Amino acid sequence: MKTRWYWQTIVYAILTAGVLVTILPFFYMVMTSFVTQAFVLPRPTDILAVRPNLDNYVSALQNNNFGRYFLNSVLVTGVTMAGALFFGSLTAYGFARFPFWGKETLFKIFLFTLMVPAVLNIVPQFTVIKSLGLVDTYAGLWLLYIGGGMVGTTFFLRGFFEAVPKELEESVVIDGGGSWTIYRNIYIPLSLPALGTLAIFSFQATWDEYFTALTILKTESSRTLPIALQLLFGKYASDWGLIFAASIIVLLPVIIVYMAFQKRFVQSGFGEGAVKG
Amino acid sequence: MNKRLKLELQRWLAVLPYIAWGIIGTSVFVIYPMVKGIWMSFLDYKIMPGAESPFVGLDNYRKAFRSEFFWYAVRNTFLNTIVTVPLIMAVGLFLAVLVNLKFVKAKVAWRMVYYFPVITSWIVISYLFKYLFAGGEFGLVNYIFHVKLGWLPEPVNWLQNQWSGLVIIWTLHVFKTFGWAFIIYIAALQGIPQTLYEAAAIDGANGWRLFRNITLPLMKPVTIYVFINAVIGAFNIFPHVYFITGGGPLGRTQVLPVLIYKEAFDKFEFGYSAALAVMMGLTIFAITYYQQRKIGKYSVEY
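If you read the protein sequences in the order shown, they are chains Z and R.
Under my numbering, the first residue of the first sequence is numbered 1, with each subsequent residue one higher.
Under my numbering, the first residue of the second sequence is numbered 278, with each subsequent residue one higher.
The set of hints was computed from the structure by calculation and includes no laboratory data.
Since the model is a prediction, treat every value here as computed from it, not as a measurement.
Even glycine gets a Cβ: it sits at the ideal position worked out from N, Cα and C.
Incorrect hints may have been included.
Said to hold, decoys possible - Here are a few chain Z residues that face chain R, going by a calculated C-beta distance under 7 Å:
id: 1; residue: 17
id: 2; residue: 116
id: 3; residue: 119
id: 4; residue: 134
id: 5; residue: 135
To be verified - With the C-beta cut set under 8 Å, the calculated list includes, among others, these residues of chain R facing chain Z:
id: 6; residue: 399
id: 7; residue: 418
id: 8; residue: 423
id: 9; residue: 534
id: 10; residue: 545
id: 11; residue: 547
id: 12; residue: 551
id: 13; residue: 559
id: 14; residue: 561
id: 15; residue: 563
Claimed, not checked - To list a few chain R residues with every Cβ distance to chain Z over 12 Å, as calculated:
id: 16; residue: 299
id: 17; residue: 301
id: 18; residue: 302
id: 19; residue: 332
id: 20; residue: 334
id: 21; residue: 344
id: 22; residue: 346
id: 23; residue: 388
id: 24; residue: 398
id: 25; residue: 444
id: 26; residue: 447
id: 27; residue: 473
id: 28; residue: 494
id: 29; residue: 550
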């Protein structure tokens with residue numbers, strides 16, 4: 001059965017209109033980032049006529065310390081990802097492969113906390129970090145990110161670990177290996193795709209995290225990119241060219257990861273999980 | 278009995294090195310803060326070391342019910358949910374069905390574009406929308422709809438009025454999240470076996486009838502999933518309001534999460550902030566608990 005040409009045209013027209021609405025704002029942002037010394041709102045016609053240049057990008061990186069903040073964000077995000085994957089996979093492995101008393105009850109308590117909105121915990125979390133003496137340290141931030149995210153990572157990985165065939169463990173047991181060897185030599189290598197997807201989500205969420213970082217980090221030189229961006233906006237509220245150049249510096253790593261691993265985002269994993277509940 | 282106890286103990290000792298991380302992390306940084314938050318909501322909490330935090334019973338809750346700013350935040354939080362959730366679901370499903378049509382080419386490319394706003398940053402998109410909706414003739418939205426098309430009789434001062442401010446916030450919310458619903462829906466659509474359509478087509482069904490009698494019923498479980506997550510997302514509306522209007526003018530565009538944050542970290546009203554948080558948490562819990570339980574049991578069967 002062939003769909004008639006005018007139906008096809010209408011469908012393509014709607015899809016294209018959707019793409020325009022989605023992309024146009026970003027296109028306009030990129031064009032604005034080429035406008036230098038914009039102390040008043042630039043005219044749309046001037047923006048579309050602008051010649052691409054990197055002046056604002058250089059200014060953001062050199063005069064406004066975005067190079068430094070970028071490295072801070074890399075450090076904060078990198079350690080968070082590694083910690084979340086390592087400790088999350090350990091916990092998920094425990095839940096997936098060990099029988100123990102109270103397992104499902106414990107897991108239900110874990111799941112219950114997922115329903116509690118993050119903003120509700122932010123004040124008491126701050127007091128916990130304060131009593132540990134970790135305000136204004138990356139350690140405090142890492143603890144909140146990794147500890148607070150344990151349930152999500154465990155929940156996500158447990159299903160994948162349970163799908164690993166148990167017979168594979170036998171070879172390790174015959175060689176005299178214990179549960180740690182099974183974890184390292186069987187479960188981790190076989191779950192790399194799931195771990196990869198999780199790594200990307202963790203990266204994306206941590207890279208953009210603003211509110212926790214703002215409450216924990218006080219020293220200017222240790223700030224992360226989202227905070228730096230907010231401060232830049234406060235300082236040069238009308239210099240849109242500079243603000244969007246800095247914004248694009250913030251977005252670039254996420255876009256690169258998105259392009260490189262687009263299949264993980266739009267084709268596999270969590271979508272299927274959703275259907276199966 | 279004793280033997281049994283010993284066995285359970287051994288099992289716990291075996292698993293503890295693995296799950297201890299999750300238990301400690303969740304207890305210290307999620308469960309304890311939650312319990313402490315509830316307790317704080319009954320105190321006039323002082324963050325200064327050594328200062329006393331007297332127990333004030335339900336005073337913080339009473340204060341909320343008497344505050345007009347609280348009611349604006351409640352109104353806007355519910356409004357945001359009522360306006361954006363149906364839009365996100367409708368746009369997501371509509372585009373997913375179109376992209377999933379047999380003759381549509383370059384399916385991955387469409388997906389990548391529609392999902393793009395989801396992966397970008399809340400802060401950046403917030404500034405971008407603030408810029409697009411800038412007042413005067415040169416804000417892009419005013420420029421297109423006033424100068425070029427003439428649909429708006431005069432340039433709108435979007436950020437100065439409560440309703441136009443809310444419109445920006447809703448638009449941004451839909452713009453940033455419809456791609457998520459779209460991706461979930463398209464994964465579900467592709468899970469429907471082609472044989473079902475073929476069988477129905479042999480029976481003479483086509484187009485709209487195939488969609489209504491096969492696609493829609495099979496989309497039900499995933500729709501519930503999308504719905505719950507969209508509702509939770511809409512209730513947790515946070516960064517864009519914070520960055521675009523900050524709740525202004527005069528708290529008229531305020532939403533609960535931002536109010537909670539500002540009462541705590543701008544005004545140091547920790548007890549009051551905690552009381553607001555507890556009420557919001559209970560509301561979300563009431564809405565989602567029942568549905569969340571059902572979700573676990575739902576699955577598509579062909």
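* Would you pick out the hints that fail for this structure and give their numbers low to high? => 1, 4, 5, 7, 8, 10, 13, 15, 16, 17, 18, 23, 24 and 29
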